[in-house]
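Residue strings, one per chain:
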Amino acid sequence: MGAVGEAIRRRRSDLRSGLTGRALDVGLYVLILAFLFLLGTRVIEHGPDYLLQIFFFALANGAIYALIALGYTMVYGIIELINFAHGDVFAFGAFASASLIPLFGLSEGQVWGPFTILQLLAVFVVTMLLCAVLNVSIERIAYRPLRHAPRLAPLITAIGMSFFLEGAMFLWKGPSSVHYPDVLPDLSFTILGARVGVKEITVWITTIVLVVGLALFIDRSRLGKAMRATAQDRDAAQLMGIDIDRTIAATFFIGAVLAGAGGIMYGLSYNTAVFDLGFSAGLVAFTAAVFGGIGNIYGAAIGGLVLGLIRTFWDGYFDSAWSDVVIFAILIMVLVFRPTGILGMRVPEK
Amino acid sequence: MTLGGPLLTLGTHAGARSYGGQDPQKTPKLGGRTPLSKRFIRGLGLLLAGTFLAAACAQGGGAGGDKGEIIIATNFPTSGADRASGRGPEAGANYAVQTAATVKGFKLSVKNYDDAVNGVHDPQKGAQNFTDMVNNSKILGVVGPFNSNVARATIPVANKANLVMISPSNTNECLTQDFPYCDPKPAALRDASQPNNYFRIAAPDTVQGPAMADFAIDTLKITKIAVWSDNETFGKGVADNFAKRFTSKGGTVVVRQDFDTKTTSDFKPFLQRAKDAGAAGIYAGATSATKGCIPRAQSKGILDVPYLGPDGIGDSQCVKDAGDQATDKMYFTNAAADASQDASNKDLIDAFKKAFPQKDDSGAYTFPGYDCAKILIDAIGRAIDAAGGNMPTRKQVLQAVQDTKNLKLSTGTYSFDKNGDPTSATMAFYQYKPSKSDWDFVKQFGVGQ
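These protein sequence lines map, in sequence, to chains A and B.
Using the numbering used here, the letters of the first sequence map in sequence onto residues 1 to 350.
Using the numbering used here, the letters of the second sequence map in sequence onto residues 1 to 449.
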């Protein structure tokens with residue numbers, strides 16, 4: 001009797017939440033349609049060439065967000081920690097590469113040849129490794145000892161690490177913005193009336209290579225499998241003989257490699273970096289990760305791309321002063337209507 | 001100087017010679033005066049002597065002008081790192097007083113105050129200095145302060161005592177004009193029952209935008225422009241004022257954007273939009289600290305048009321941020337007129353350099369400081385006339401400064417409006433010169449409010 005009553009109640013509540021869910025979904029679609037309509041009128045006003053140009057900028061902007069967001073989502077997926085220091089690892093990538101560029105013999109406005117590409121590749125590799133070492137050290141010092149502590153403790157050490165890194169970078173390069181050398185050649189192609197510079201192409205190609213590589217790594221490799229297993233059930237994975245510490249360290253390593261690449265591309269694209277860059281960029285990237293469904297790698301990539309599109313389109317067609325308002329309003333709406341993000345959590349709740 | 005010295009001097013001064021005008025042979029000007037007025041003058045002299053005794057100040061009387069001594073005070077940050085800013089106008093003002101030496105029979109001297117604490121200008125120290133000046137009745141006017149926040153702290157002190165002050169360098173518009181965003185309001189700095197005592201010869205920040213609009217249209221022949229700002233009080237203010245004047249002069253602002261520069265560094269959509277709308281120039285209502293010149297670096301390959309801004313972008317940080325786009329297409333406005341640009345000032349500048357040869361004596365604000373002292377000396381002269389040739393009151397000096405009309409000096413021709421702002425301030429324009437790796441003077445002209 002009791003069991004039957006319980007089942008009926010549950011059925012009813014399921015039905016109700018399903019209905020509300022559908023109503024909320026409809027509301028979300030109406031809002032999106034209204035926005036697209038508004039955007040559409042502006043797009044027609046400015047013409048197709050401009051649209052394509054803004055789209056190219058947006059893709060590059062979104063790609064950088066995506067690279068940072070991946071690090072947030074991977075770490076969250078595996079140890080359910082929001083690594084607040086991740087944005088600062090990204091900023092460190094921008095700072096470190098700004099110093100490495102002259103060290104590797106590159107300078108602003110130089111002539112390009114095959115050897116220059118190698119030099120730039122070397123900057124990429126060294127920066128990514130430096131970021132990786134930094135992030136793994138952060139994990140070893142500030143998170144691993146607290147793995148079994150109450151959840152708030154590692155959250156606080158993460159915030160502490162973020163401020164520590166910002167402070168260190170402040171001491172290193174000072175309070176003003178640092179000019180990032182514009183080393184990429186000033187070449188561009190015209191596609192359907194829109195200009196695509198080497199900067200944009202570099203960002204796209206690097207991001208595609210890194211994201212596809214990451215997907216393959218997680219899907220196919222042994223370590224990737226171990227990461228998935230650890231994310232699913234840490235204790236069971238340990239019982240199966242997976243080295244948890246090593247797997248988690250590898251996750252931080254890979255996340256930082258992506259953030260480091262993001263830092264370089266940020267510098268190459270915008271030619272500037274400042275010590276507290278990681279805070280704002282990290283916040284947007286974290287938003288992107290939640291937007292896509294935190295813990296979900298494809299979600300983070302898509303989330304970053306979508307936020308980049310929203311920001312750049314807003315800057316291009318509406319009033320820039322409202323960009324942050326719009327981005328975070330969208331975040332709130334998405335979370336209210338779809339608490340698990342666009343793609344939802346791939347990682348089962350424990 | 002010891003306390004006893006000047007007191008003693010003052011005593012003899014007042015007693016033995018009994019303050020100018022007493023002896024007709026010594027001061028022929030007053031020869032025709034009636035005994036009644038003589039008695040009055042003697043009374044005034046004694047009164048003044050009494051005030052001096054009460055004030056017990058450290059300034060020496062000594063022999064000089066026959067009628068007594070008038071002191072002009074200066075208040076600048078002149079120690080530590082801020083000496084680079086403050087010593088120039090101090091030296092300029094001192095030179096003006098030294099060369100004048102006397103005014104209508106009164107000996108002129110100068111007393112310098114330093115408002116720097118640990119090398120940085122300090123509003124508290126400024127207020128202390130002004131309290132000291134107020135208590136010294138020989139001080140009839142002040143040249144300074146250098147910094148707007150020091151002015152904010154010192155105007156109330158001087159205002160209560162009707163002590164006139166003229167700043168060569170304050171640009172904050174809220175010191176004189178009431179805008180909704182001003183905090184404190186200019187009225188809060190002043191006693192409503194007292195006349196305005198604060199004057200300046202630097203153009204307030206509100207003039208920079210319109211001045212650059214004039215320059216863009218008249219000199220650079222730009223008719224379409226894109227304007228952005230950092231959305232801060234200063235940046236948005238200059239950008240709005242720029243846009244207003246640019247439009248009223250027949251130009252078109254084709255794109256107008258405000259950025260939160262703390263969270264974004266991506267100006268490419270803005271630049272693309274400017275290009276799309278046919279902008280022939282960009283105005284940045286920002287400072288180097290709010291990414292003022294980063295759009296210039298990003299404009300590479302998008303649009304290479306003149307990049308204009310206020311004095312906030314006129315520094316080396318801006319040049320660094322612009323990277324290889326730091327070209328001769330970058331311009332900024334500066335409220336300090338450059339005296340050396342006027343050929344008729346050559347003798348003055350040479351003579352000044354001979355008298356004040358130190359490196360930090362000559363700075364951007366040396367001659368603005370000189371001019372402030374000249375305005376004060378001119379006003380004191382008229383105030384003495386207004387007082388019938390006697391020691392004028394501070395109120396009379398203040399009134400005389402307010403009444404200054406078209407006084408031609410080394411950095412401009414000055415009159416003041418009722419707020420104490422110059423009716424026509426000189427605005428200088430600078431352009432970046434890659435060959436010199438520095439900003440270079442282009443031209444300057446007087447701009448109305």
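These aren't lab readings, by the way, just hints derived from the structure by calculation.
Small disclaimer: the values here were computed from a predicted structure and weren't measured.
A few of these clues could be false.
[Said to hold, decoys possible] Cross-link-like lysine-lysine pairs, in silico, PhoX-like; alpha carbons within 20 Å at most:
| # | chain 1 | residue 1 | chain 2 | residue 2 |
| --- | --- | --- | --- | --- |
| 1 | B | K395 | B | K104 |
| 2 | A | K173 | B | K262 |
| 3 | B | K224 | B | K262 |
| 4 | B | K408 | B | K433 |
| 5 | A | K173 | B | K418 |
| 6 | B | K418 | B | K433 |
Consistency of the hints with the structure:
1. Between the alpha carbons of K395 (chain B) and K104 (chain B) the distance comes to roughly 18 Å, so the proposed pair stays at or under 20 Å and holds.
2. In summary, the hint linking K173 (chain A) to K262 (chain B) is supported, as the alpha carbons are separated by about 17 Å, within the 20 Å threshold.
3. With a C-alpha separation of about 28 Å, the suggested pair K224 (chain B) and K262 (chain B) falls outside the 20 Å cut-off, and the hint is violated.
4. This hinted pair does not check out: K408 (chain B) and K433 (chain B) have alpha carbons roughly 31 Å apart, beyond 20 Å.
5. With a C-alpha separation of about 47 Å, the suggested pair K173 (chain A) and K418 (chain B) falls outside the 20 Å cut-off, and the hint is violated.
6. This hinted pair does not check out: K418 (chain B) and K433 (chain B) have alpha carbons roughly 40 Å apart, beyond 20 Å.
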